[in-house]
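Peer 1: Here our numbering is used: position 39 in the sequence shown is 39, and no number is missing along the way.
Read the hints as simulated data drawn from the structure, not as lab findings. A quick note: this is a predicted structure, and the numbers were derived from the prediction, not measured. Careful: at least some of the hints might be erroneous.
[Stated by the list, open to error] Using 30 Å as the maximum straight-line C-alpha spacing, the simulated DSS-like pairs for lysine-lysine come out as follows: (1) K90 - K185; (2) K208 - K228; (3) K190 - K225; (4) K190 - K228; (5) K190 - K90; (6) K187 - K90.
[Said to hold, decoys possible] If you anchor each label on the Cβ, the simulated ranges turn out as follows: (7) K187 - Y98: 23 to 29 Å; (8) K90 - F217: 21 to 27 Å; (9) K159 - P202: 56 to 62 Å; (10) R179 - P146: 22 to 28 Å; (11) K90 - L28: 31 to 37 Å; (12) L19 - K187: 28 to 34 Å; (13) I176 - F135: 54 to 60 Å; (14) I181 - I18: 48 to 54 Å.
In this text, a Cβ means the ideal position worked out from N, Cα and C, and glycines have one as well.
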Amino acid sequence: MSNLIDILFSPVNITLTILMLILVLYWLVTMVSGVDFDVDIDVDVDIDIDADIDADFDTNIEGGNLDFEDMSSTELTKDDVVKSRKKPLKWWQVVLIYFNFVGLPFMFTFTCWIFLWWMITTITTTLTVSYENTFGYIIMLVGFFPALILTKIFTTPFKGFFKNLNKDGDAPIEIIGRRGICLSKIKDDKMGSAEVVVDSTPLSIYVKSMHGNLIEFREPILIIKQSKDKNYYYVQSYKTN
1 MSNLIDILFS PVNITLTILM LILVLYWLVT MVSGVDFDVD IDVDVDIDID ADIDADFDTN
61 IEGGNLDFED MSSTELTKDD VVKSRKKPLK WWQVVLIYFN FVGLPFMFTF TCWIFLWWMI
121 TTITTTLTVS YENTFGYIIM LVGFFPALIL TKIFTTPFKG FFKNLNKDGD APIEIIGRRG
181 ICLSKIKDDK MGSAEVVVDS TPLSIYVKSM HGNLIEFREP ILIIKQSKDK NYYYVQSYKT
241 N
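Could you put the whole structure together from the sequences, leaning on the hints where they help?
Peer 2: In structure tokens, the structure reads:
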């Protein structure tokens, strides 16, 4: 037992061990008391790349205020706030999307990543007896990347679960057949964003032209159907004149 503690709190492993203890404490406090730590987090993900995606993924809630409890229980979807922008995709935004930090509760994915990184580092430095030397630090730094890959593999099956999970217990909002406003110029297979107002609440969604016809920016649209992967909707122009 003493040897295990020495390994966990060795110079190489102590940083990740303390971080894991903080995360465990966070989850325990959140589950038991639901304390609101009132932490703001605002992750803007601007999309306008060669893959014909033109959208801005902003995972904020009500003006960018996302408290600590929300980060553990709320799905940070790309649909929360979508605005039309034209900026290149930044490298850190690619990382957030690809490794499921967007599309799943942020703290859920973050905890999985830190746990896997900690496990990889601890086990490897123990087997190589390098938890107190320079080689151990190299192992810890290198473990950053396989931990991200394993995090993506582990968390991907949860995306369907969290997508269908409604924190407030409300029935899903049906928007097929509703009218909206296209917030991007779309044509052929290009994806854009649109706004639909339901019960005085504006909702942002991803859209593609139903038959590939040109739909201009701010043009009225009619939502026809949802894609098979449920990531966007097919729409068509709904001009009244």
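Peer 1: Against each hint, give a clear statement of whether it holds in the structure.
Peer 2: How the hints compare with the structure:
1. The suggested pairing of K90 with K185 holds, with an alpha-carbon distance near 22 Å, which does not exceed 30 Å.
2. For a cut-off of 30 Å, the pair hint linking K208 to K228 stands: about 13 Å separates their Cα positions.
3. Using a Cα cut-off of 30 Å, the hinted pair K190 and K225 holds, with the two alpha carbons roughly 16 Å apart.
4. Taking the CA atoms of K190 and K228, the gap is near 16 Å; set against the 30 Å cutoff, the hint holds.
5. Restraint check: the Cα-Cα separation between K190 and K90 comes to about 20 Å, which is no more than 30 Å; the hinted pair holds.
6. Between K187 and K90 the CA atoms are separated by roughly 25 Å; this keeps the pair inside 30 Å, and the hint holds.
7. At about 27 Å, the beta-carbon gap between K187 and Y98 stays in the expected band of 23 to 29 Å.
8. Taking the beta carbon of each, K90 and F217 are about 23 Å apart, inside 21 to 27 Å as hinted.
9. The hinted window of 56 to 62 Å between K159 and P202 is violated, with their beta carbons roughly 25 Å apart.
10. For R179 and P146, the Cβ-Cβ distance of about 48 Å falls outside the hinted range of 22 to 28 Å, so the restraint is violated.
11. As the Cβ distance of K90 to L28 is approximately 35 Å, the hint placing it in 31 to 37 Å holds.
12. Distance hint for L19 and K187: a CB-CB separation of about 47 Å, inconsistent with the stated range 28 to 34 Å.
13. Separation of I176 from F135 is about 58 Å and conforms to the stated range, judged on CB atoms against 54 to 60 Å.
14. As the Cβ distance of I181 to I18 is approximately 49 Å, the hint placing it in 48 to 54 Å holds.
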